[in-house]
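K.L.:
Fit chain B to the supplied structure of chain A, relying on the hints for placement.
Going down the list, the protein sequences come from chains A and B.
Counting from 1, position 54 in the first sequence corresponds to residue 1515 in my numbering; the numbering is continuous, with no gaps.
Counting from 1, position 298 in the second sequence corresponds to residue 1759 in my numbering; the numbering is continuous, with no gaps.
Treat identical chains as interchangeable: a pair holds within one or across any two.
Subject to a maximum C-alpha distance of 30 Å in a straight line, what follows is the list of computed DSBU-like cross-link-like pairs (lysine-lysine):
1. Lys1645 / Lys1668
2. Lys1847 / Lys1803
3. Lys1477 / Lys1668
4. Lys1764 / Lys1477
5. Lys1686 / Lys1668
Read the hints as simulated data drawn from the structure, not as lab findings.
The residues making up each chain are set out below.
2 protein chains.
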Amino acid sequence: MQNFDYSIPTKIYFGKGQIEKLSKIAAFGNRVLLVYGGGSIKKNGIYDKVTEILSENGIEYFELSGVEPNPRVETVEKGAQICRENHIDAVLAVGGGSSIDCAKVVAAAAKYDGPAWDLVLDGSKIKEALPITAVLTLAATGSEMEQYAVITNFATNEKLDAASELLNPAFSILDPTYTYSVSKRQTASGTADIISHVLEVYFTREKDAFLQARLCEAVLKTCIKYGPVALAEPDNYEARANLMWAGSLAINGLLSYGSDVPWSVHPMQHILAAYYDITHGEGLAILTPVWMEKVLSDETVEKFAEYGRNVWGISPHKETEEIAKLSIEKTRAFFAAMGLPKTLREVGIGEDKLDALAEMAERVEKDLQETYVPLTAADVLDIYKKAL
Amino acid sequence: MQNFDYSIPTKIYFGKGQIEKLSKIAAFGNRVLLVYGGGSIKKNGIYDKVTEILSENGIEYFELSGVEPNPRVETVEKGAQICRENHIDAVLAVGGGSSIDCAKVVAAAAKYDGPAWDLVLDGSKIKEALPITAVLTLAATGSEMEQYAVITNFATNEKLDAASELLNPAFSILDPTYTYSVSKRQTASGTADIISHVLEVYFTREKDAFLQARLCEAVLKTCIKYGPVALAEPDNYEARANLMWAGSLAINGLLSYGSDVPWSVHPMQHILAAYYDITHGEGLAILTPVWMEKVLSDETVEKFAEYGRNVWGISPHKETEEIAKLSIEKTRAFFAAMGLPKTLREVGIGEDKLDALAEMAERVEKDLQETYVPLTAADVLDIYKKAL
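Looking at chain A on its own, in the form it has when it is part of the complex:
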């Protein structure tokens, strides 16, 4: 097991009716920036409830709306300006990972004298941030309980993680009923994102982190059980609750402390999204099984077999190699059954984009040197091609 420094300071208010705890935001002051996306929170009533509680608590709120699914640095700048001009005391994201990620960097940029993109490129430049809070409406990124924020710069075709202890939300409110109205497509995509977060650290070079591997399997089994239930019965509380909490635990450090490894599939997906703005979970669902086939070898077969036996319940009486291959087939079949795309073509990336894909592969290579199985630009291009 690797050494680690554990710190997960975010408080979570989980469950039906926990929105009432939003009144605790008053501890930070009485001027709040409300950050949200395309307005679905106005349709489902969450916006009304949130603003009602803010008003009841004597809090004046300002708004940054229209945050993009892949939030843009320009939107961050806009939010930071609102904060500076209006002496904002705290930011409150209401939405999924996009709104929360945007709000996090807004909170830091409001306290930074320079372009917000500096802070994305180098989290150590974040020396101060407004308190960050969130009301989660989508089980997916886990941003509600960790210190990362993914921001896209379409000017440079970069989609990068800002990272700082100061970006941990002070508290997040997780009411599973708030995800009842999430579409089938976003439910599937969010589940794929959670699964990918776990797989990124489950496939680690650290062999002695037994406990962490078992914790990973717990979260994976939860996604596999409840993803299809949430699709079939959007109002199933048990399913929505298990997925929501799985999303937070998948990425808050619990699974990676002691068994950390640089991620493999997310970098390949992030650069695709920075060029083509595709849905994050869909990109991951397409790339993950192809990546698995690419890295399956004599050195990794035992780990894949462990995955097959412990997560997919494949009989241990089969041959190791067969279990390993079956585990990949099961992964692909699961994503397909969730209605997720199987190929890049389905999300608009075809053979005609081969030159661009080759360029992306070159650019992402530097991030894949220390991954579970290191990948070259040629390997990445091969994965992209097989995913077409």
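P.N.:
For chain B alone, kept in the frame of chain A given last:
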């Protein structure tokens, strides 16, 4: 899944050499109360290392030594007095759960104008506490990462939990090599304690907390795998590291948030210990299988079968009832293989104590009304008798 408010603020510095992070205690001031037990930390060199780091950082330290395995309220009072007389800025426990529990209540009592036992009886009376820090030397109680402290009052034969958010350590240092010198007996007893902490919440009435049940199984499998390894090879880092981290995660709230239930076996063991000062993990190892047999019924058989299949790997092709019974046999056999006592007689409690046991059963009944399976005084006495 139940609603919950999640807060696990303790920072953990985990791994070889992490003792260097002890210098961070200087952030709280330069006068520290060092709390420890019977002196084993002097034999294994940890005391020297700790005091060296304190001195290097300009910290003056005072000592409360000789903390008992079941720490007594009189010792807490003594520590609180040292704090008051010497204007202590922070407490530092170096040891296992006993030292940490004692240090926690010392930290609160130092800021309380009244008897320390008040704070144990009613944690809401804890309005302030000195910062609490710990260097852990035993994988067992999990006190290093949670807000409880168990203190014994032999004057009233009570062993009770003090509980307060203010008792969460600010940070704890967990170096698995510090547990290499733990005796076989204490290693086995600590492992039984961890297992019991998990079982107390695994057997819950909450049926929809699927994720939490799987997380419980992850920790249980870790104990079952590494307990025997640590006994056979005390210097096995992998085993000591997995057990140490399992001990913290077993009780810090991760497993119980969303699936909470009042504990069953700990109350029966605590009252035994308050009368007879028996080793905590040994008492739990004796009582747990007997309790399981007592509560196994048509209503609980499916949960026991789940335990048998998922934790002990019993073939799902067997009959449910057989799997359930086998799961209890496996539990008992595991404790026996760890060298733990199987009967109360082995720890000095025989038939001649039946009157006292009946009195204990009467006293503990009130704590067992809302447990997984509620128990009457007659049930408890029956468990004690079968455990003789």
